[in-house]
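Asks: From first to last, the protein sequence lines stand for chains P and Z. When we follow the numbering used here, the leftmost residue of the first sequence carries the number 1, and every step to the right adds one. When we follow the numbering used here, the leftmost residue of the second sequence carries the number 1001, and every step to the right adds one.
Derived from the structure by calculation, the hints contain no laboratory data. A virtual CB, placed ideally from N, CA and C, is assigned to each residue, including glycine. You may find that some hints are simply not true.
Non-contacting residues of chain Z with respect to chain P, defined by C-beta distances greater than 12 angstroms in every case (computed) [stated by the list, open to error]: (1) Arg1080; (2) Ala1225; (3) Arg1229.
Some chain Z residues near chain P, calculated using beta-carbon distances under 10 angstroms [unchecked claim]: (4) Gly1021; (5) Ser1022; (6) Leu1059; (7) Thr1060; (8) Ala1063; (9) Glu1085; (10) Leu1092; (11) Ser1121; (12) Leu1123; (13) Gly1134; (14) Val1139; (15) Gly1145; (16) Leu1153; (17) Leu1226.
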Amino acid sequence: MDKFASGIRGLSGAASRVGNAFDPWLSPGGSSSGSALAVATGFVPLALGSDNCGSLRLPAVCNGVVTLRATLDRFSSQGLLPIGFLNGTPGLIAPDLPTLALRLEVLDPPWRAERAGAPQDLRGKRLAVLARSCIRIWPPSTTPPPRPCGRPLICCGPLEQR
Amino acid sequence: MIEGRVGQGHDTRLGADFAKGSGRPIDAQLAAYPGSCRNWIDICGSGRLPPEWTPAKCLTLMASGMEAQWRVRQRLAANRRLLEEALRVGGLDGMLLLPDRRGGDRRDTSPAITCMVSSTSGLHAVVLPLALDGRGMPVGLEILGAAGGDEELIAMAGVLENRRGPQPAPRPSAQSELTMPAEPPLDLSGHNRLVPLLGWQVWRSRRGEALEDLEQARFRQLTRALLRRHGSPTGPVERQGGDGRRSRAKPPPAASP
């Protein structure tokens, strides 16, 4: 993982970098790089991570596995260092959603696994698509720093599901 | 269409501020842990944070008072209210976000990534792989949940996962490359004091090279150059005493001639 969970590149101080599960020469995303890699390659069935600004979701996307960034304050962020007091949340990375739905109770005993795993019908659901975003990650590796873009953040049209 | 209605006023610059006022709680928690970092000043000066986190910026953010944390909380809550209201008015159950950063993107250009929408609002989000792209790398989808439970969001995403079908596993060749490194490990014995900082020293020494060029062979090349620059080995491991003071391990007794 990135040092102090403060990167998105999978760079480690002593061990150089972590590889992607689908191609070791490519980036695994970060900072929970090792967790996502271990699940994606089948070394472990579940792995722990934390997410301030994408540290669970980026490596999950890059390695083809699933995760949940829970609602803020749903899971205790006690012990997430060095930041995480304000927007950090712990989470699990799993190979598929049924596994994730079943096992999140290890982080939150009141977790309702039966509801998370219940089959749903998408009929009647309305989902929007984020068409454009001007949010940039901080800290940027390129200058200038991010600025308010003055445009609507989200331009979307609801999808009617059959 | 609800174009133009969502996100007006969304504070996109919260990222750095999430560290504000972290110093005091960090100290309280680190007190219980052994290790070389005993407080937030140690962390800021450790050299192990990404280069963007300069020690001065780190110190300034973490030394902020509790009122700074309170203001960040207010901004985060305002973002959340904006999104929740937009989703409610639109009668939406969720929002689909295609992450800009796909698996295998090695470029160090920090493109806009949509996962910050959840981070700067506190709303829950689930991520699942959708398919593989032309290079055989996974492409994922993020679903931001409307007001409601995390459990319901996972259940809804599960429907999409079922429709997608089985996700292809990583190629066996990739797995074998992971378990069998092409080169033997670098011999770092005797350089113990250098090792904890080695990664970032190498990262900094790349002098403008893009991260995509910093593959393993190049990383090793830079590491060897650093080791040569440091000359002779630096001695035995430094260990942290229980009282927080650094102490040097005793060297082994010299062999008698």
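Asks: For each hint, tell me whether it holds in the structure or not.
Replies: Consistency of the hints with the structure:
1. A beta-carbon of chain P is positioned within 12 angstroms of the beta-carbon of arginine 1080 (chain Z); the least distance is around 8 angstroms.
2. With 12 angstroms as the threshold on Cβ separation, the claim that alanine 1225 (chain Z) sits away from chain P holds: the shortest Cβ distance comes to roughly 14 angstroms.
3. Taking the minimum C-beta to C-beta distance to chain P, about 17 angstroms, the non-interface status of arginine 1229 (chain Z) holds against the 12 angstroms cut.
4. Look at glycine 1021 (chain Z): its Cβ gets to within about 8 angstroms of chain P, closer than 10 angstroms, so that hint holds up.
5. Satisfaction of the interface hint for serine 1022 (chain Z) is found here, the shortest Cβ-Cβ separation to chain P being roughly 5 angstroms, below the 10 angstroms cut-off.
6. Among the interface hints, the one on leucine 1059 (chain Z) is violated; its C-beta lies about 12 angstroms from the nearest C-beta in chain P, farther than the 10 angstroms criterion.
7. At about 13 angstroms, the closest approach between the beta carbon of threonine 1060 (chain Z) and any beta carbon in chain P exceeds 10 angstroms, and the interface hint on this residue is violated.
8. At its closest, the beta carbon of alanine 1063 (chain Z) sits 13 angstroms from a beta carbon of chain P; the interface hint therefore is violated under the 10 angstroms criterion.
9. The interface hint given for glutamate 1085 (chain Z) is violated, since its Cβ lies 12 angstroms from the closest Cβ of chain P, which is over the 10 angstroms cut-off.
10. Given hint, leucine 1092 (chain Z) at the interface with chain P, holds; its Cβ is 5 angstroms from that chain's nearest Cβ, closer than 10 angstroms.
11. For serine 1121 (chain Z), the shortest C-beta to C-beta distance to chain P is roughly 8 angstroms, which falls under 10 angstroms, so the interface hint holds.
12. Interface hint at leucine 1123 (chain Z): satisfied, since its Cβ lies 7 angstroms from the closest Cβ of chain P, which is below the 10 angstroms cut-off.
13. Interface hint at glycine 1134 (chain Z): violated, since its Cβ lies 13 angstroms from the closest Cβ of chain P, which is beyond the 10 angstroms cut-off.
14. A hinted interface residue such as valine 1139 (chain Z) counts as satisfied when its beta carbon comes closer than 10 angstroms to some beta carbon of chain P; here the least separation is about 8 angstroms, so the hint holds.
15. Hint status for glycine 1145 (chain Z): holds, given a least beta-carbon distance of 8 angstroms to chain P, under 10 angstroms.
16. Nearest Cβ of chain P to the Cβ of leucine 1153 (chain Z): about 7 angstroms, under the 10 angstroms cut. The hint holds.
17. Taking 10 angstroms as the C-beta contact cut-off toward chain P, the hint placing leucine 1226 (chain Z) at the interface is violated, the least distance being around 12 angstroms.
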